Amino acid sequence: MTNNKYNRQPDVTCHPLGDAAATIEFARRIDPAAHEQVRALVRHLEECRFPGMIEYVPSFSSVTVFYDPREVKRQWQTDENGEARTAFQLVSEWLMRAVAAPAEAKRQAPRIVEVPVCYGGEYGPDLGYVAESHGLTEKEVIQIHSAAAYTVYMIGFAPGFPYLGGMSERIATPRRSNPRLTIPAGSVGIGGQQTGIYPIETPGGWQVIGRTPVRLFQPEKHPPSLLMAGDVIRFIPITPEEYQAYEEEGQ
Amino acid sequence: MSIQIIRPGLLTSLQDLGRIGYQKYGVIASGGMDPFALRLANLLVGNEEGEAVLEITLMGPTLLVEQDVLIALTGGDTAARIGDAELPMWRPVFVKKGSVITFGGCRNGCRTYMAVAGGFAVPRVLGSKSTYLRAKIGGYQGRALAVDDVLAIGEPSDVGKLFAKRLKERANDSAHAAPHWGITAELLQFYGERSVRVIQGRHFSLFTEESRRDLFQQSFVITPQSDRMGYRLTGPVLQLAEQEEVLSEAISPGTIQVPSEGNPILLMADRQTTGGYPRIAQVVSVDIPVVAQCKPGDRIRFREISLAEAEELYLAREQEIKDLKAGIELKMRSSL
Chain A
1 MTNNKYNRQP DVTCHPLGDA AATIEFARRI DPAAHEQVRA LVRHLEECRF PGMIEYVPSF
61 SSVTVFYDPR EVKRQWQTDE NGEARTAFQL VSEWLMRAVA APAEAKRQAP RIVEVPVCYG
121 GEYGPDLGYV AESHGLTEKE VIQIHSAAAY TVYMIGFAPG FPYLGGMSER IATPRRSNPR
181 LTIPAGSVGI GGQQTGIYPI ETPGGWQVIG RTPVRLFQPE KHPPSLLMAG DVIRFIPITP
241 EEYQAYEEEG Q
Chain P
252 MSIQIIRPGL LTSLQDLGRI GYQKYGVIAS GGMDPFALRL ANLLVGNEEG EAVLEITLMG
312 PTLLVEQDVL IALTGGDTAA RIGDAELPMW RPVFVKKGSV ITFGGCRNGC RTYMAVAGGF
372 AVPRVLGSKS TYLRAKIGGY QGRALAVDDV LAIGEPSDVG KLFAKRLKER ANDSAHAAPH
432 WGITAELLQF YGERSVRVIQ GRHFSLFTEE SRRDLFQQSF VITPQSDRMG YRLTGPVLQL
492 AEQEEVLSEA ISPGTIQVPS EGNPILLMAD RQTTGGYPRI AQVVSVDIPV VAQCKPGDRI
552 RFREISLAEA EELYLAREQE IKDLKAGIEL KMRSSL
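Same order as they appear, the protein sequences are chains A and P. Under my numbering, think of the first position of the first sequence as 1, with each following residue one higher. Under my numbering, think of the first position of the second sequence as 252, with each following residue one higher.
Hints are computed from structural coordinates only; laboratory data are not their basis. One thing to keep in mind: the hints can contain errors.
Not everything, but these chain P residues come out facing chain A in the computed CB check (under 10 angstroms) [what the hints assert, rightly or not]:
{"hint": "1", "residue": "G272"}
{"hint": "2", "residue": "I279"}
{"hint": "3", "residue": "Q440"}
{"hint": "4", "residue": "P504"}
{"hint": "5", "residue": "G526"}
{"hint": "6", "residue": "A559"}
{"hint": "7", "residue": "A561"}
{"hint": "8", "residue": "E569"}
The structure presented is a predicted model; accordingly, all values stated were derived computationally and were not measured. In this text, a Cβ means the ideal position worked out from N, Cα and C, and glycines have one as well.
So here's chain P without its partners, still in its complex pose (with noise of 0.2 angstroms):
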């Protein structure tokens, strides 16, 4: 049994926390542009957090379901529903059989995440199921997903089996149900930001006075031009205080690389392997998920932090996911 895509939306893929090892081969990482959402909304169905999800960018796209689901909706909001219900994010929905979700634009944010219990049984290309676009590998056939794909749903774990069958009790009628709890809006907090937290970047002392001054004083835009690959920002004109000639070598998700022009380019998911513009600055690992809801338009501002403060953050945003997960986990295996 499986979903059904009725229409595909904007740009729906399936992702999961990428693929690992390849690099050095120029495969790129992909994976989900927001790993904190994609995290949470497998551990909300029960899943390992790195299986592959829907990745729904912008305007989502409007599903079948063939069989009873357990499913999670974490990210952007792209107002998901059924009929006229409105499905909860944040937290496990179960969905009837033979119902229709249709998602709209988005609400807030920019990417909806949406996990179903079991993951989705797709092969794994070089270990992992995430989608490259661009090398047609990956995904769902190495693509974006169309009208008429038909996605097959894997087995589910035990304690989402179990709560699936829970809530479908407490469904009776309604096509959909879900528990009171969910992920707090406390620990969402931080996607509220604008102030995107970075440390300096390998070529940061290159660059004018003014434009370092610049780099955090100013707001960026991002601008149209702006996808999985990466996001072109405008704002002040940032410039080396010399020309220099930089070798290509590997960049990070969140490294700023500034070509000559000007205009800051912010990597994501789908950066190639190597760069070789000069990297102004580096986003924080755990401010990703802030840049990842971004859209085009959006204005943002960079503050500076320390490497040793970007780790215990690193460390600390861990840990609150260690602890989600247990606390998920204890949720689902307690009654209702």
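Extracted from the complex, chain A is given alone in its bound form (with noise of 0.2 angstroms):
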């Protein structure tokens, strides 16, 4: 396939997702470069899109972008050997350019957004199962996680949900056998390795440790989701009473 020409970067590859998006991919696991290439791509379309792009979804090792083929086709009509050319085609070798171009972009520092979290109690049921299933205390888990620094690998499963990369091993709990119907918004879980936080209500099966009063998702506001692929998070822990002082000032 035409990958082959611009495969400075071996790793590399770029697939269809049907015949009106393309994923390019960094790499087959979770992998903090990868994570970088991602946002050094994202970067790049925000300055910069092709003719027919609509839009892009960022991923933990890979960006997909979504383009009109009519348009894509129409823009790039006249291709330098005349050869006929599939839109995905076109498409996937202006990512590979992009993602080939010496980065004079630099690297930016990572956004970082804190997160008041209050921890336990009505706001967080499952605390106690978590510490428990550790040998900790529940005032243990809560420095344990609020101690990192989570890396906002992408935004999916639901509106403004981050997948959070950099949970410590030691409060890694699976998911409850029993799901939930319904989880409040703003519920802080954890679910096997990871951590995160439900930005609207849906049922969910992660245990739910804490709460915070800040809304995740606000579809009246650009952007609408508080966080985007790339950010650093710390949870902040606050008082039941600190909750309910930033719930009345949001409203």
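Make one complex out of these two single chains by using the hints.
Right, dumping it as structure tokens:
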């Protein structure tokens, strides 16, 4: 396939996602270097779109770009060799070139977002279970969970839901065998090796250890998501009184 | 003036062509399940093709039309009528103020689209009027329509107004009137196809030889656990040759992913923005309307084509819609 032409980075591959999207993949696992490449390409796409591009969706180690094949073909009709090329080939070559181009855009320091969390009690009904299953006190779980800096690898699953990397294995806890039918918006949970925040009320199987009064999904704002792929977040423990104060302030 | 909901039907919601540009924030695209029928409904009343329409599912609503309107019904056939008179589909229909439109159960297909000249006057949320049920945004107050809801109608285009006026003159005492022309049956033949075209998915080669063969040689049944988010299918169990962890990444309408129990899920309009199961195949864009009109219990087969063929079909379909748009406008501007 045409990918070989730009094969300066042998690990980078481009795949069709149907007939109107292409996924460029930097690695097959979660890897900080690949995540850096995702961020660099996203910065590039924010500044420079190709004709026919509709939107992009970054994930752990890949970026998917949705396009209108009609526009792509129309704009790139005349190929230097006169060969018939599919819109996918044109798009994947563009993406490969964008990735291979020397990264003149400087590495940007990630944005750091502080997320206040009221741990335990009515806001975090599973905190006790998580502590018990690791032989820790609740306080220690809070300490471990709020000490780390977490990278937002991608937003998905629900509007504004961050997939976070960086949780300590010491508090990794399997999902509940019996998922809850509703988990309130703002709930902070642990599901296996991952931690995350539920932006909207949804059913879910994660161990809920706390809740944030901050709204992660705000459809009336731009952007509608508090967090973006590439951000770094820190959880700041707050008391129930502080939680109430935040909520009142928010309204 | 407006349209009032007397009975809402099973699931009637406002949908346009979806929310574009927010998937990177985890906001799903939504939009009409059958974009072809949605676009045509709008074109037939002189709207922009991406205006919001009613998406009616399986069992239709009863509507009180509180003003003279020009409507078009496309997609699945839910036997819409005013009194004893059945309303024709796939053509513009003038409906007189005070009429009650009653929809029945779906005789054919699964989803009917009803466009109104001028569109529905609801606010755009994140650039779209589509209802996103789970997040409770968009459409009419972020939800499916319910009894006594009142939908305001926007300002029709000049051609929409002109054509409504002509049909009104023809209606006389009748509650509705329609021209003799419409979208011809041969342009809609593809809906009858139960063999859905797919291209290989990203993880196709990771599946066992048997699964890869079964995908194309066996048929699959759409289970009742199917909705706007996606269809759960049963049929031959599809299995990976070796267990492999797949990272979550973007999905698109038509992605067929396979959880470890082996029953495929075909993702549709309300799919999440990312998915973490291996993808065996991908329904091509032009066949999404065919899938959208399948209902639980229906049986479908998959047929493989190349990406290049899928693109050709995509371009051909777009050209067809462009030609139809020009043809419809010409008809509406010339006399009846």
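To see whether the hints hold, each was checked on the structure:
Nearest Cβ of chain A to the Cβ of G272(P): about 5 angstroms, under the 10 angstroms cut. The hint holds. The criterion of a C-beta within 10 angstroms of any C-beta in chain A is met by I279(P), whose closest approach is roughly 7 angstroms, and the hint holds. Given hint, Q440(P) at the interface with chain A, is violated; its Cβ is 21 angstroms from that chain's nearest Cβ, farther than 10 angstroms. Of the supplied interface hints, the one on P504(P) holds, with its beta-carbon coming within about 8 angstroms of a beta-carbon of chain A, less than 10 angstroms.
Checking G526(P) against chain A by beta carbon gives a least distance of about 8 angstroms; that is within 10 angstroms, so the hint holds. Annotation: interface hint on A559(P) holds; nearest CB of chain A at approximately 5 angstroms, less than 10 angstroms. With a least beta-carbon distance of about 4 angstroms to chain A, the hint placing A561(P) at the interface is held under the 10 angstroms criterion. Below 10 angstroms, beta-carbon pairs count as interface contacts, and E569(P) has one with chain A at about 5 angstroms; its hint therefore holds.
In summary, the structure is inconsistent with hint 3 from the numbered list given earlier, while agreeing with all the others.
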